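Colleague: Top line first, the protein sequences correspond to chains D and Y.
My numbering applies: residue 1 is where the first sequence begins, and numbers increase by one.
My numbering applies: residue 1 is where the second sequence begins, and numbers increase by one.
Honestly, the hints are just simulated from the structure, not real lab data.
Since the model is a prediction, treat every value here as computed from it, not as a measurement.
Backbone N, C-alpha and C fix where the C-beta goes; we use that ideal spot for every residue, glycine too.
Just so you know, not all the hints are guaranteed correct.
Stated by the list, open to error - Simulated restraints, written as ranges between beta carbons of each label pair:
no.: 1; chain 1: D; residue 1: A167; chain 2: Y; residue 2: R3; range: 29 to 37 Å
no.: 2; chain 1: Y; residue 1: S155; chain 2: D; residue 2: A162; range: 29 to 37 Å
no.: 3; chain 1: Y; residue 1: A205; chain 2: D; residue 2: G36; range: 44 to 52 Å
no.: 4; chain 1: D; residue 1: A170; chain 2: Y; residue 2: R2; range: 19 to 27 Å
no.: 5; chain 1: Y; residue 1: R3; chain 2: D; residue 2: Q7; range: 16 to 24 Å
no.: 6; chain 1: D; residue 1: G195; chain 2: Y; residue 2: I6; range: 36 to 44 Å
no.: 7; chain 1: Y; residue 1: S155; chain 2: D; residue 2: D63; range: 16 to 24 Å
no.: 8; chain 1: D; residue 1: A167; chain 2: Y; residue 2: L116; range: 22 to 30 Å
no.: 9; chain 1: D; residue 1: A162; chain 2: Y; residue 2: G160; range: 56 to 64 Å
no.: 10; chain 1: Y; residue 1: I6; chain 2: D; residue 2: L24; range: 18 to 26 Å
no.: 11; chain 1: Y; residue 1: L116; chain 2: D; residue 2: A178; range: 52 to 60 Å
no.: 12; chain 1: D; residue 1: L196; chain 2: Y; residue 2: I172; range: 39 to 47 Å
no.: 13; chain 1: D; residue 1: M182; chain 2: Y; residue 2: I176; range: 55 to 63 Å
As the list claims (entries may be wrong) - Partial list, computed: chain D residues near chain Y (C-beta under 10 Å):
no.: 14; residue: R59
no.: 15; residue: L83
no.: 16; residue: L90
no.: 17; residue: Y133
What the hints assert, rightly or not - From chain Y, some residues computed to sit far from chain D (all C-beta separations above 10 Å):
no.: 18; residue: L15
no.: 19; residue: V35
no.: 20; residue: L108
no.: 21; residue: L112
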Amino acid sequence: MTQTPFQDSRLRVENLACRRGGRLIFDGVSLSLGNGEALALTGRNGAGKSSLIAMLCGRLRPDGGSIRIEGADEAELPELSHLVGHRDGLKTALTARENLAFAQDLLGSPAASPEAALEAVGLAHVATLPVGYLSAGQRRRVALARLLVSRRPYWLLDEPMAALDTASQAMLTGLMRAHLLMGGAILAATHGPLGLDEARELRIGP
Amino acid sequence: MRRAFIAILKRDLALAARAGGGGELALVFFLTLVVLVPFALGPDLNLLSRIGPAILWLGALLSVLIGLDRLFQSDEEDGSLELMRASSLPLEGAVLAKGLAHWLTTGLPLALVSPLLGLLVALPGEAVLPLFATLLVGTPALSFIGAAGAALAASLRRGGLIVPVLVAPLTIPVLIFGVSAANAALGGTVPFRTPFLILVALSLAAIVVGTLAAAAALRQPE
């Protein structure tokens, strides 16, 4: 596939606050993420990492602060980003290939074909198997293959390494490195290392 | 945008065909309900044929309602709804595609089997086609009014019966005009055309209002 670098844009989050069930989870979180940058979001369990990502994709209303994108022709973050979270977003009755073809049609700006994306995550052999038959780690890899079928500059990953074996973790690190080289940006909530030397770390919560 | 719309429609149809979605269950439920009624009423054929259209409409209404809670809930649970929110296709488009798929797999089959079930309630021959027509144009209203209710309950883990309870009162106008159009074909003072056209109007309005309401409910952040 021939690819041109992503258009310049920058995500700016200022003084974000999150309140869940009346309890303050975090406040005053600011971050800035631009082309070719990676940010590892760390913190204890319950520190609000997933909540922060949910706010970025518009699923949760911020209780203070602002999220905006500079550049990128007024596009909103949800339309510029890929989300791979705890829920894989896969239909168990459909095959891995069908799931990816659906994601590609839905998300637009097609990049790799579903077959090529499955090849890249090392799952070419299960392309025609319903996702319901796959293991948790394999499902996670199918969900990660979604990052490749449609071209979007921001990757929002919620514990992407969870359920992956060491070989798959290295594979994901490779994919992330390639994405950064193309001028993409990555924000990943994680407990373990991402394997990216250039990644900055943002620790939230106490 | 069009590609995304067709993708959702195709996916929901494939899921219904493969995973045995609510469609077949609704059909079996419809059959069960209509079979049970003559047993309850006794062997009075005149009574049966007089209330036949009402039984079939009530059966179709309940059959559509029972499967509704899964319409958005399953997508919410597995994260597919997040994908739809991230699409450049507005959520209204996604709801329209899902509502259409729901009607094609639930409402349409119910309308198609209604002439057959009409035999069970001794429906006179001249009323079979009008009843089929009312179900055909009336069931889209049920799917889309239902979509609005299903969207409200999408994030409830064990919504269960809440969707039918929420939606049933809103379907009263559809039931009234559906049954009165079908009854008009059996004779009476009202011509078939008047209630039938109102039923068509109700369906068209429900498609628009239901789509907008469901999308608004799904878009609402927590």
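Colleague: Would you mind marking each hint as holding or not holding in the structure?
Modeller: Results for each hint:
Taking 29 to 37 Å as the suggested C-beta distance range, the pair D/A167 and Y/R3 conforms, at roughly 34 Å. Between Y/S155 and D/A162 the C-beta distance comes to about 23 Å, which lies outside the given range of 29 to 37 Å. Between Y/A205 and D/G36 the Cβ separation comes to about 51 Å, which falls inside the hinted range of 44 to 52 Å. In this structure the supplied range 19 to 27 Å is violated for D/A170 paired with Y/R2, their Cβ-Cβ distance being about 39 Å.
At about 22 Å, the CB distance of Y/R3 to D/Q7 agrees with the hint of 16 to 24 Å. Checked against the given bound of 36 to 44 Å, the beta carbons of D/G195 and Y/I6, roughly 39 Å apart, stay inside it. Taking the beta carbon of each, Y/S155 and D/D63 are about 19 Å apart, inside 16 to 24 Å as hinted. At roughly 57 Å, the beta carbons of D/A167 and Y/L116 sit outside the given window of 22 to 30 Å.
The hinted range of 56 to 64 Å is not satisfied by D/A162 and Y/G160, whose Cβ atoms lie roughly 31 Å apart. For the pair Y/I6 and D/L24, the supplied restraint of 18 to 26 Å is violated, since their beta-carbon distance comes to about 45 Å. Here the CB-CB span from Y/L116 to D/A178 is close to 59 Å, well matched to the stated 52 to 60 Å. Taking the beta carbon of each, D/L196 and Y/I172 are about 59 Å apart, not inside 39 to 47 Å as hinted.
Hint check: D/M182 to Y/I176, Cβ distance near 60 Å, so the stated range 55 to 63 Å holds. Proximity of D/R59 to chain Y holds as hinted, the smallest CB-CB distance being about 6 Å (cut-off 10 Å). Among the interface hints, the one on D/L83 holds; its C-beta lies about 6 Å from the nearest C-beta in chain Y, closer than the 10 Å criterion. Among the interface hints, the one on D/L90 holds; its C-beta lies about 7 Å from the nearest C-beta in chain Y, closer than the 10 Å criterion.
Because the beta carbon of D/Y133 sits about 13 Å from the nearest beta carbon in chain Y, more than 10 Å, this interface hint is broken. The claim that Y/L15 lies off the interface is violated: its Cβ sits roughly 6 Å from the closest Cβ of chain D, which falls inside the 10 Å cut-off. Remark: the non-interface label on Y/V35 is consistent with the geometry, its nearest Cβ contact in chain D lying 30 Å away (cut-off 10 Å). At roughly 21 Å, the least C-beta separation between Y/L108 and chain D is larger than 10 Å, which holds for a residue marked as non-interface.
With a cut of 10 Å on Cβ distances, Y/L112 stays outside the contact zone with chain D, its closest approach being about 24 Å.
In this structure, the hints that do not hold are numbers 2, 4, 8, 9, 10, 12, 17, 18, in rising order.
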